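If you're matching positions, the sequence shown starts at 2 in my numbering and goes up one per residue.
A portion of the hints provided could be inaccurate.
[As the list claims (entries may be wrong)] With a Cα cut of at most 20 angstroms, we get these calculated EDC-like pairs of lysine to aspartate or glutamate: (1) K176 / E211; (2) K176 / D193; (3) K176 / E119; (4) K295 / E80; (5) K295 / E255; (6) K176 / D118; (7) K295 / D305; (8) K295 / D118; (9) K176 / E115; (10) K89 / E115; (11) K89 / D294.
If you're looking for bench data, these hints aren't it; they were derived computationally from the structure.
On a predicted model such as this, the values are computed, not experimentally measured, just so you know.
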Amino acid sequence: MRRCWVSTPAGATARRAADRRADRAAPAAVAAEAAAAVAATSALSALPALGAGLGFREPFRAGIFRHRERIAALEITIEHYLDADAAKRDELELLRAHFPLIPHGLELSLGSAEGLDERRLERYARLIERVSPPWWSEHVAFTGAGGVEIGHLAPLPFTRESLDVLCANVEQVRKAIPSPPLILENITYTLDWGGQEMSEGEFLAALCRETGCGLLLDVTNLWLNARRHGYDALAFLESLPLESIVQLHFVGVEQRGGEWVDSHGRRTSPEIWELFEAAVDRAPVKAAILERDKDFPPFADVLDEIEMAAGLGREAGRWD
């Protein structure tokens with residue numbers, strides 16, 4: 002019998018071989034991603050439970066030290082200490098001596114497609130090393146583009162391309178600051194980019210899965226976004242990887258011209274407390290920080306809110 006041999010172009014043969022290798026590699030890649038996710042979750046669960054605290058602001062200084070036993074942790078704004086004079090350096094050392102500190106960044110611009118400012122990242126790294134916190138945080142946002150600082154936190158489109166940029170920038174951060182863990186905060190936004198490929202909840206879940214980062218869930222931002230964009234805040238909360246939620250932010254809102262605004266200048270409302278309680282009931286939260294930036298009330302009112310948060314966390318078994 003004569004055999005008929007069919008000649009196959011070398012390129013097609015190579016492509017089929019590559020496809021077979023990819024098919025064999027795919028299960029291994031999935032397994033590796035799953036193992037990395039388990040390791041990341043385990044690392045987050047091992048973080049210390051701090052309790053309820055406050056974002057440090059100068060008008061609170063006297064009250065903080067007078068009532069230090071009632072404040073479990075302080076959150077410091079990284080940018081306030083990057084170009085610190087002697088007085089600010091002394092302030093940082095004083096705070097560090099008396100409270101667990103959590104550095105919180107505003108201007109790293111993790112969503113910028115051109116990558117991160119290496120010099121700024123190096124300065125972040127030096128400060129975080131000096132403070133030696135249990136974790137630190139930044140925002141799921143960009144604050145500049147094309148070398149221009151826009152002066153506020155801008156939202157990202159919820160697309161695969163945007164997620165890839167964010168994940169690449171987080172990896173760059175991790176190389177510069179391998180420890181402690183970075184957690185990422187949801188922002189409030191009015192702009193809807195259009196052409197979204199996923200919901201914000203799906204975007205944040207994918208971000209946690211692909212980077213291993215934890216979440217800083219701002220329940221006030223969540224409440225505002227749900228109201229502005231017409232979705233259910235509790236359903237959004239339950240769509241998140243709850244095991245990744247490390248910290249909460251909370252504060253009140255106000256109305257301006259018929260619009261609700263995250264001014265950081267009002268007492269936390271009952272609706273936001275309900276969302277806070279839902280979060281601590283469902284997620285292994287390690288800390289909750291009150292963010293008050295203006296219209297500073299008597300410190301007794303601040304303590305009332307901190308103790309409300311502390312009590313809800315205790316009832317949920319999140320801290321002592």
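Each hint tested on the structure:
no. : hint        : result
1   : K176 / E211 : holds (16 angstroms)
2   : K176 / D193 : violated (32 angstroms)
3   : K176 / E119 : holds (11 angstroms)
4   : K295 / E80  : holds (18 angstroms)
5   : K295 / E255 : holds (12 angstroms)
6   : K176 / D118 : holds (14 angstroms)
7   : K295 / D305 : holds (17 angstroms)
8   : K295 / D118 : violated (30 angstroms)
9   : K176 / E115 : holds (17 angstroms)
10  : K89 / E115  : violated (32 angstroms)
11  : K89 / D294  : holds (18 angstroms)
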